[in-house]
Amino acid sequence: TQLLEQSPQFLSIQEGENLTVYCNSSSVFSSLQWYRQEPGEGPVLLVTVVTGGEVKKLKRLTFQFGDARKDSSLHITAAQPGDTGLYLCAAHTSGTYKYIFGTGTRLKVLA
Amino acid sequence: DVKVTQSSRYLVKRTGEKVFLECVQDMDHENMFWYRQDPGLGLRLIYFSYDVKMKEKGDIPEGYSVSREKKERFSLILESASTNQTSMYLCASRSRGAINEQYFGPGTRLTVT
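Keeping their order, the protein sequence lines are chains A and B. Sequence positions in the first sequence follow my numbering and run 1 to 111. Sequence positions in the second sequence follow my numbering and run 1 to 113.
So that you can see chain B by itself, here it is in the shape it has in the complex:
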């Protein structure tokens, strides 16, 4: 079974803090994603990585950066957390191939006060 793990299930941070969210997958997948999920807005793509050290901006990259130094690990960084970044953050991974199946981690519920 594919396993995607996220470093924290719940986080509470203060405005202005630098926040690191980590994601690890164990299936040697090339592609990894960070989404945020908000009521009424669905899942929105923040960043995507198609290989080690390679990244592309998604639909809402402002205020975020990412790091992918190793194939299995994809980190999301909030440079200076703001209250409008309070959300559920979901990491996903996907293998290249004929059938593109995306697998999600359990999510991190981040609250910025």
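For reference, chain A alone in the conformation it holds in the complex:
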């Protein structure tokens, strides 16, 4: 199974700090999703980006799709303990049914 490369794999930060998670590939995709998964639960969809260069904001979370649609980033401003979880990116190519999943970034925000 192909995987998208996510970095960092693990991140432990203090409440109030900012952070950025990256999702990289050498392939071009038609859309990319970001999910957050808590222990013992299924992934919850946060956002979908489809246009190169697109930026979407969800409260303190900012998502960007690379201009060439090969990579994406997730920036969290003033992280809170409730942001703790596993962040997954998933990319899709038009005309196929398969999604390629990232390796995941496990974030822990300490109070």
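If you are wondering where the hints come from, they were derived from the structure by calculation, not from laboratory data. None of these values were measured; they are calculated from a predicted model. In this text, a Cβ means the ideal position worked out from N, Cα and C, and glycines have one as well. A few of these clues could be false.
The calculated lysine-lysine pairs, modelled on DSS-like cross-linking and capped at a C-alpha distance of 30 Å, are [to be verified]:
#: 1; chain 1: A; residue 1: Lys98; chain 2: B; residue 2: Lys53
#: 2; chain 1: A; residue 1: Lys70; chain 2: B; residue 2: Lys57
#: 3; chain 1: B; residue 1: Lys53; chain 2: A; residue 2: Lys56
#: 4; chain 1: A; residue 1: Lys108; chain 2: B; residue 2: Lys70
#: 5; chain 1: A; residue 1: Lys108; chain 2: A; residue 2: Lys57
#: 6; chain 1: A; residue 1: Lys57; chain 2: B; residue 2: Lys3
According to the in silico footprint, chain A covers these stretches of chain B (three or more CB under 8 Å from chain A) [said to hold, decoys possible]:
#: 7; region: 44-53
#: 8; region: 100-113
Please arrange chain B on chain A, whose structure you already have, making use of the hints.
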């Protein structure tokens, strides 16, 4: 809101048992998926269904089968459970359309002893 439900959150089965995992979605989605998630291996696709009674093998179909008799329901069957099938099983659904968004259920943690 899209809702995907799975029949059990936790299951413990014995080696050799036949196991049924059920998934139901309420958004009239055409496509449904079964994945397993294991530490260090990420999400791996077991089977995919693009319509009622239609299915395709994913990356790791061995030891599994599926059934989709109704549009809203997609079942995963472990014909003869083995310990290496201990895992977190995730069902997902997706609508056809310009933007393909996949929605996951809460997962079933299966332990085979």
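Hints, one by one, checked against the model:
1. A:Lys98 / B:Lys53: holds (19 Å)
2. A:Lys70 / B:Lys57: holds (27 Å)
3. B:Lys53 / A:Lys56: violated (37 Å)
4. A:Lys108 / B:Lys70: It is violated: about 41 Å lies between the C-alpha atoms, which goes past 30 Å.
5. A:Lys108 / A:Lys57: Holds: Lys108 (chain A) and Lys57 (chain A) sit about 21 Å apart, inside 30 Å.
6. A:Lys57 / B:Lys3: holds (23 Å)
7. 44-53: That given contact holds, which follows from 4 residues of the region 44-53 of chain B lying within Cβ reach (below 8 Å) of chain A.
8. 100-113: holds (count 9)
When held up to the earlier numbered hints, the structure conflicts with 3, 4 and fits the remainder.
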